Amino acid sequence: MHSVSIAKLNKPLNVIKGDTVALFITDDSAIIALPELDRRVISVMARKHIYIAYTGGTIGMQKSSHGYVPVAGFMEKQLAGMPEFHRPEMPEYTIHEYDPLIDSSDMTPEDWQLIADDIRKNYEQYDGFVILHGTDTMAYTASALSFMLENLGKPVIVTGSQIPLAELRSDGQANLLNALHIAANYPINEVTLFFNNQLMRGNRSTKSHADGFNAFTSPNLPPLLEAGINISVSSNVTVGKQPDGPFQVSDITPQPIGVITMYPGISHEVIRNTLLQPVNAMILLTFGVGNAPQNPELLAQLKAASERGVIVVNLTQCLAGKVNMGGYATGSALAEAGVISGFDMTPEAALAKLHYLLSKGLDYETVKAEMQKVLRGEMSL
Numbered sequence: 002m003h004s005v006s007i008a009k010l011n012k013p014l015n016v017i018k019g020d021t022v023a024l025f026i027t028d029d030s031a032i033i034a035l036p037e038l039d040r041r042v043i044s045v046m047a048r049k050h051i052y053i054a055y056t057g058g059t060i061g062m063q064k065s066s067h068g069y070v071p072v073a074g075f076m077e078k079q080l081a082g083m084p085e086f087h088r089p090e091m092p093e094y095t096i097h098e099y100d101p102l103i104d105s106s107d108m109t110p111e112d113w114q115l116i117a118d119d120i121r122k123n124y125e126q127y128d129g130f131v132i133l134h135g136t137d138t139m140a141y142t143a144s145a146l147s148f149m150l151e152n153l154g155k156p157v158i159v160t161g162s163q164i165p166l167a168e169l170r171s172d173g174q175a176n177l178l179n180a181l182h183i184a185a186n187y188p189i190n191e192v193t194l195f196f197n198n199q200l201m202r203g204n205r206s207t208k209s210h211a212d213g214f215n216a217f218t219s220p221n222l223p224p225l226l227e228a229g230i231n232i233s234v235s236s237n238v239t240v241g242k243q244p245d246g247p248f249q250v251s252d253i254t255p256q257p258i259g260v261i262t263m264y265p266g267i268s269h270e271v272i273r274n275t276l277l278q279p280v281n282a283m284i285l286l287t288f289g290v291g292n293a294p295q296n297p298e299l300l301a302q303l304k305a306a307s308e309r310g311v312i313v314v315n316l317t318q319c320l321a322g323k324v325n326m327g328g329y330a331t332g333s334a335l336a337e338a339g340v341i342s343g344f345d346m347t348p349e350a351a352l353a354k355l356h357y358l359l360s361k362g363l364d365y366e367t368v369k370a371e372m373q374k375v376l377r378g379e380m381s382l
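The sequence shown: position 281 = 282 (this note's numbering), numbered continuously.
I should point out that these hints are in silico values taken from the structure, not numbers from a laboratory. Nothing here was measured: the structure is a model prediction, and the numbers come from that model.
Derived lysine-lysine pairs resembling DSS-like cross-links, with alpha carbons at most 25 Å apart:
| # | residue 1 | residue 2 |
| --- | --- | --- |
| 1 | K78 | K49 |
| 2 | K78 | K64 |
| 3 | K49 | K122 |
| 4 | K304 | K374 |
Put together the whole structure using the sequences plus the hints.
Structure follows, in structure tokens:
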């Protein structure tokens, strides 16, 4: 029987002597052929270790007489009984189940901080991170983490499911299995969201279907990776890319932010009443390429807000496309009132970016300038 020793070198090297096989690997890939038994040994010894943060959500719920409910320990028990998660090709994983589990509709900026702190605490011990999360606010959390986790040198993949893992035809099995496999073998070192065979940049994703398996889309940026019969990585992505600086977490604090959707006939009092609250920023979801009614009283409210130091960001209501405030007179009027363009950011990304910047204690003009810069690939100028 062969004995096997392993070392990691900067360049490939193999040595065979008698009954002893010395295997040297680079980047966790074996460079010489071994008998099947030895290859299984190497596979186990070279496996990546992924940290799973189970925050809550449908994927781990159990059916009850009152509908699906979260049950402590149920998720881990389900995974233990699924052999596909324990194949030698799969990475090792450690599950941290949050207590209490969080319904994603109840997710808050404090919970984003909790998840970011969890990753910070465990960053050095693991090769990648998978965040299990409810779908309702998954894109918000993925967007927030993308700003909070600076200089990521490891993948962070947010995923979940529309049907619980324990149920027949659950999409949770494929979503989690693929997330683990991709984190271990195709490390795209940023915050991403995996759903229905697509890996999307986290801050470009949005929930676009309430009850379908194709629940998420990335309307203004193609997927970074697609998991079909073969795994296809976008040509615009560098797998395993390392950051220029050390990993760090930028803490955030909850910020009062208003969100207003424009509609035909909207009264200026809707905006006035929103601004009566202590808001630091306001997101306007406008028509088309960033247009709003040319109501003098409405524009006066926006101008007064800007002069008081409230950041007002213009986003399109459309699923895809970007704001162009110079395209029409109605958009130009908003710019003259102090409203800034959010370009093609999703509402989730804009909200998260505002939380991130306002938590830094920056002055008004600096926040306005930073909102119009690409910080984490969240928009196209």
